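*Asks:* The task is simple: from the sequences and hints, build the whole structure.
Each chain, letter by letter, is given below.
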Amino acid sequence: MTFVGYLVDAVSLGALYALIAVSVGLVFGVLRQINLAQGEVMAFGAYSLWIMRALPSWLAILLCFGICVAGSLVLQVLVFRPLRGASALTTLIVTFGVSYGLEALWLVVFGPEGKPVSMLIKLNDTVVGGAIALRWITIVDIGTAAVLLIGLYVLLFRSSLGLRMRAVAEDFSIARIVGVRIDRVVTVAFVLCGASAAVVAVLETVQTPLVTTTLGLSLIVVALVGVVLGGLDHLARATAGGFIVGFVNSLLGSILPEQQLVFVTSLTFLFVVVVLVVRPAGLLAPRGAGAERV
Amino acid sequence: MSSESETVQVLACHAVTVAYAGLRAVSSVSFAVRRGEVVGLIGPNGAGKTTLVNAMSGFAQISEGSITLNGAEVSHLAPEHRAHRGLARTFQHGRLFKDLSARENIELGALAVGCSGREARRRAAALLEETGLLSLAGVPANELSHGDQQRVSVARAVVAGPAFLLLDEPAAGLPAESLAELGTVIEQARSGRDAGVVVIDHNVEFVMGLSDRVVVLDHGQVLVEGAPDYVRHHEEVLAAYFGSVATEGLSR
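So the protein lines, in turn, are chains A and B. Going by this note's numbering, 129 is the number at position 129 of the first sequence; the sequence numbering is gapless. Going by this note's numbering, 181 is the number at position 181 of the second sequence; the sequence numbering is gapless.
Source of the hints: derived by calculation from the structure; they are not laboratory data. Treat the hints with care, since some could be wrong.
Pairwise CB distance ranges (calculated) [unchecked claim]:
no.	chain 1	residue 1	chain 2	residue 2	range
1	B	E205	A	G151	50 to 56 Å
2	A	V277	B	G132	44 to 50 Å
3	A	L78	B	P140	33 to 39 Å
4	A	F263	B	G147	55 to 61 Å
The following residues of chain A were derived to be distant from chain B, with all beta-carbon distances above 10 Å [as the list claims (entries may be wrong)]:
no.	residue
5	V79
6	V127
7	E258
8	L267
9	L284
On a predicted model such as this, the values are computed, not experimentally measured, just so you know. Where is the CB? At the ideal position from N, CA and C, for every residue including glycine.
*Replies:* Here you go:
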């Protein structure tokens, strides 16, 4: 594979992380809380695809969406509602605990062996062979992320619901005084997070058709680092941060010699540390902006 | 408060106390405003005016007493539920959504209380014109001057078509020539939309000119209540204001 092929793959993984990052950014936007448990909603969705492996793909995907949205709403009610008003650090720690608890639950229920998901396996076929080695799933990843992110932009900036969401994100208490029904806005945010988790679960299981217990946490930690890199308090920048981290992660995985692949995550995090030392408010934040960190 | 007053549409405070860490910012205050009436709430700095408005709008918790809207207690309701029952307010420093444009801020005021997108846009356009803000409609709120932010803030409250409007320092930062325009918007809310209005401002002359009745607060308590002319010459009011910068408009 040539460097162009590596770049296309990196854009594809970046797009996937951008979708995860946008979920984290949405919840942080409306509640000022960090949803680390989002990764386990994705893992739940991926396991559900394994459970429904005998069903037609379209039906399994449809049900996966329902399951992820339901899972996201359950988290909202059981974890985030009681913690409303708590600091971002508190929710980070609590949802970290929830993630570990759910990971242990997957271990008990599904066992330590990975579960194979062969759904839509044909998407791994190459579109263009030779040096570029472009796969269908790469195109689907990039296309899906682009469509969803544009859709989210339209929702936020061209709809009355989006106007309410932006108002809540900017000033929760004034939005309430004006009359915005906060619970509805928060519910919509978690529905969007659930839908995004389902998309990631489907795309991830096509690319890596083995669902393991560590799937959720490994994805969300990298995405969260991306969100912090981009700027936690700005959705577009957080999403771009997720993309950049996914891009760098994938590119390092492609260009490093095989015996050094173990350093991919460390080098990605080193890149983020260096960026944050130079630009504490985030890589994409305006110069002089205050840093919102946890 | 008489039971008769509760049969008409009334926003009323019944012996409301607001205390922070043992300090009583508002102490056993009772007063009411009817629909179609403008009540001025004045008093020296620290008298508890903003705290009282905060309590009425749900922005601050009351420690004792109750607040009723048309006879139904609303003290326990969240701010958004009070807004849906017809209570709108402005803040001393605008408190606009700074990333939203002037038009979006105003539209939000209508959308939040259940107007359709089309109706919200229609109302916002009418108010932008009425308040002379049409040329600034697309400007983000954080780029507006303080005075323009105040005008958008009033428009955001008025656009909801509230039954009761609580205006906290709406004239602050406004040039003299804009005061008449603001007065017209408030008068329009009262007569055109039959809203009951509570207005706080340090510009006592402005408040006196607008109000049917004036309530004077001092040290968190009602000092005097009555018609503007009665309050203007009241000895206790003059004494409370003596030495204060906010004497303009008193005893003239």
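*Asks:* Next, verify each hint and record whether it holds.
*Replies:* Now the hints, each set against the structure:
1. Between E205/B and G151/A the beta carbon distance is about 54 Å. The supplied range of 50 to 56 Å therefore holds.
2. Between V277/A and G132/B the beta carbons are some 49 Å apart, a value that agrees with the proposed interval 44 to 50 Å.
3. L78/A and P140/B have their C-beta atoms about 38 Å apart, which keeps the hinted 33 to 39 Å range intact.
4. The hint said 55 to 61 Å for the Cβ distance between F263/A and G147/B, and at roughly 58 Å that hint holds.
5. Its beta-carbon lying about 21 Å from the closest one in chain B, V79/A satisfies the requirement of being farther than 10 Å from that chain.
6. V127/A, annotated as away from the interface, keeps every beta carbon of chain B farther than 10 Å; the closest lies near 41 Å.
7. Listed as outside the interface, E258/A is consistent with that label: its C-beta sits roughly 47 Å from the nearest C-beta of chain B, beyond the 10 Å cut-off.
8. With a least CB separation of 35 Å from chain B, L267/A remains clear of the 10 Å interface cut-off, as annotated.
9. The Cβ of L284/A sits about 16 Å from the closest Cβ of chain B, beyond the 10 Å cut-off, so the non-interface label holds.
No hint from the list above goes unmet by this structure.
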